[in-house]
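Trainee: Chain by chain, the residues run as shown.
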Amino acid sequence: NAGVTQTPKFRILKIGQSMTLQCTQDMNHNYMYWYRQDPGMGLKLIYYSVGAGITDKGEVPNGYNVSRSTTEDFPLRLELAAPSQTSVYFCASTDRNQPQHFGDGTRLSIL
Amino acid sequence: QQPVQSPQAVILREGEDAVINCSSSKALYSVHWYRQKHGEAPVFLMILLKGGEQKGHDKISASFNEKKQQSSLYLTASQLSYSGTYFCGPHRGSTLGRLYFGRGTQLTVWP
Numbered sequence: 001n002a003g004v005t006q007t008p009k010f011r012i013l014k015i016g017q018s019m020t021l022q023c024t025q026d027m028n029h030n031y032m033y034w035y036r037q038d039p040g041m042g043l044k045l046i047y048y049s050v051g052a053g054i055t056d057k058g059e060v061p062n063g064y065n066v067s068r069s070t071t072e073d074f075p076l077r078l079e080l081a082a083p084s085q086t087s088v089y090f091c092a093s094t095d096r097n098q099p100q101h102f103g104d105g106t107r108l109s110i111l
Numbered sequence: 001q002q003p004v005q006s007p008q009a010v011i012l013r014e015g016e017d018a019v020i021n022c023s024s025s026k027a028l029y030s031v032h033w034y035r036q037k038h039g040e041a042p043v044f045l046m047i048l049l050k051g052g053e054q055k056g057h058d059k060i061s062a063s064f065n066e067k068k069q070q071s072s073l074y075l076t077a078s079q080l081s082y083s084g085t086y087f088c089g090p091h092r093g094s095t096l097g098r099l100y101f102g103r104g105t106q107l108t109v110w111p
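Here the protein sequences line up with chains A and B, keeping their order. 1 is the number of the first residue of the first sequence in the working numbering; add one for each residue after it. 1 is the number of the first residue of the second sequence in the working numbering; add one for each residue after it.
No lab work stands behind these hints, which were simulated from the structure alone. Beta carbons: idealized from backbone N, C-alpha and C, even for Gly. Accuracy of the hints is not assured; some may be wrong.
Now the in silico label distances, taken between C-beta atoms and shown as ranges [unchecked claim]: (1) A/61 with B/9: 40 to 50 angstroms; (2) A/107 with B/65: 35 to 45 angstroms; (3) A/62 with B/77: 28 to 38 angstroms; (4) A/41 with B/11: 13 to 23 angstroms; (5) A/30 with B/80: 33 to 43 angstroms.
Coverage of chain B stretches by chain A, computed from C-beta distances (three or more under 8 angstroms per stretch; other residues unrestricted) [said to hold, decoys possible]: (6) 37-45; (7) 98-111.
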């Protein structure tokens with residue numbers, strides 16, 4: 001069982017560059033989430049989706065965009081990368097009243 | 001909106017017990033608990049639903065008092081494998097699966 005798959009695992013970006021973090025789940029979950037985790041901190045919700053075609057902002061959406069064209073995929077787009085976006089990014093999926101299943105994370109550094 | 005976890009850090013000897021508390025200022029539908037080891041993704045431990053239900057997972061159990069909007073995680077006879085950061089994620093029911101994670105409690109178990 002693959003669960004939630006995130007790519008890439010590591011990435012270094014230069015300030016001002018853009019990139020897309022990929023997230024795919026094979027559990028047919030309706031709900032998907034993007035979190036960022038800064039060192040020593042908890043998980044902050046960036047964006048979430050309750051189904052294909054439906055997305056909404058979380059706590060810290062500025063500088064990011066998402067789309068959900070299929071149930072399986074929920075990519076996160078960084079436009080004009082800034083040093084403040086250096087973090088570990090986790091994608092998760094779930095169905096109602098079920099645990100969230102997390103991917104292994106993408107470690108992103110912006111220099 | 002973030003819940004408050006206490007203590008922030010705990011150091012134990014193998015075999016000792018610990019309690020981690022989670023308080024929310026908002027009415028709760030359920031509480032999720034996760035454990036995260038350094039450099040890894042959070043892993044689900046248990047969900048507590050309304051009703052003061054107490055659940056267990058090996059020697060880890062938890063309670064949920066929805067009137068006080070509090071949950072506690074009990075670690076009994078701690079093992080080295082219990083080391084990690086514990087996060088509570090209260091669920092407010094109407095927010096479509098969203099969890100509001102606390103900052104975490106770092107637990108270190110020494111032999």
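Trainee: Are the hints correct? Go through all of them and say.
Mentor: Consistency of the hints with the structure:
1. A/61 with B/9: 40 to 50 angstroms: Cβ of residue 61 of chain A to Cβ of residue 9 of chain B: about 30 angstroms, so the range 40 to 50 angstroms is violated.
2. A/107 with B/65: 35 to 45 angstroms: holds, 37 angstroms
3. A/62 with B/77: 28 to 38 angstroms: violated, 45 angstroms
4. A/41 with B/11: 13 to 23 angstroms: The hint (13 to 23 angstroms, Cβ to Cβ) holds, given that residue 41 of chain A and residue 11 of chain B are roughly 20 angstroms apart.
5. A/30 with B/80: 33 to 43 angstroms: holds, 38 angstroms
6. 37-45: holds (count 5)
7. 98-111: Since three or more residues must qualify, the claim that chain A covers the region 98-111 of chain B holds, with 7 doing so at under 8 angstroms.
The structure shown violates the earlier hints numbered 1, 3.
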